[in-house]
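J.: Each residue of the sequence shown is one higher than the one before, starting from 9 at the first, in this note's numbering.
The set of hints was computed from the structure by calculation and includes no laboratory data. Remember, predicted model here, so these are calculated numbers, not experimental data. Treat the hints loosely; a few may be bogus.
[What the hints assert, rightly or not] Here are the computed distance ranges between Cβ atoms for each label pair:
hint: 1; residue 1: Asp96; residue 2: Val30; range: 14 to 22 Å
hint: 2; residue 1: Asp131; residue 2: Ala98; range: 19 to 27 Å
hint: 3; residue 1: Glu124; residue 2: Cys60; range: 30 to 38 Å
hint: 4; residue 1: Met93; residue 2: Phe69; range: 15 to 23 Å
Glycine included, each C-beta is placed from N, C-alpha and C at the ideal position.
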Amino acid sequence: MQENLNELVKAELTHLDTLETVTVDWNPNKYTVSKRRQLAAAGMRGASPAPCEEHFSTQLFLDSTRRAPQERNLRELAQKLEGWMDADSAAGLPPRIVFLWGPFRFAGYIEQLDEEWVRFDPDGTPVRGFIQLQMRG
9 MQENLNELVK AELTHLDTLE TVTVDWNPNK YTVSKRRQLA AAGMRGASPA
59 PCEEHFSTQL FLDSTRRAPQ ERNLRELAQK LEGWMDADSA AGLPPRIVFL
109 WGPFRFAGYI EQLDEEWVRF DPDGTPVRGF IQLQMRG
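Given only the sequences and the hints, what does the whole structure look like? Please build it.
T.: Right, here's the structure in full:
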């Protein structure tokens with residue numbers, strides 16, 4: 009059976025502790041992956057460089073305009089992702105999240121979420137918007 013090449017492959021964000029998954033339509037015109045390494049000060053003997061830090065940044069498009077009324081509030085999805093930023097009280101770190109889209113995979117912590125809502129139901133429920141997502145590996 010041939011796959012429809014016009015169908016959008018959905019991106020998945022998975023909480024690695026609970027295996028809970030959030031699925032979003034994602035067909036980016038760009039995303040950014042960067043790697044940084046802080047070097048030891050010049051002349052310091054025996055100092056080894058810090059591990060390489062990876063960062064991932066993209067914009068997620070959210071649209072629930074074709075969903076049933078009880079499934080339209082996109083703030084619930086945003087609040088779930090915000091909850092995934094909270095540090096575990098025992099370890100003091102937020103949970104690790106995996107972002108998957110086709111062959112692309114990035115594992116790390118959600119570092120920042122910025123929400124922009126652009127369409128609303130008459131009662132003020134946000135039904136279309138963007139989330140700027142930043143993660144650190």
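J.: Run every hint past the structure and note whether it holds.
T.: Hint check:
The given range of 14 to 22 Å is respected by aspartate 96 and valine 30, whose C-beta atoms sit roughly 19 Å from each other. For the hinted restraint 19 to 27 Å between aspartate 131 and alanine 98, the CB-CB distance of approximately 40 Å leaves it violated. Under the hint 30 to 38 Å, the C-beta atoms of glutamate 124 and cysteine 60, about 31 Å apart, fit the expected range. Checked against the hint of 15 to 23 Å, the pair methionine 93 and phenylalanine 69 passes, with Cβ atoms roughly 20 Å apart.
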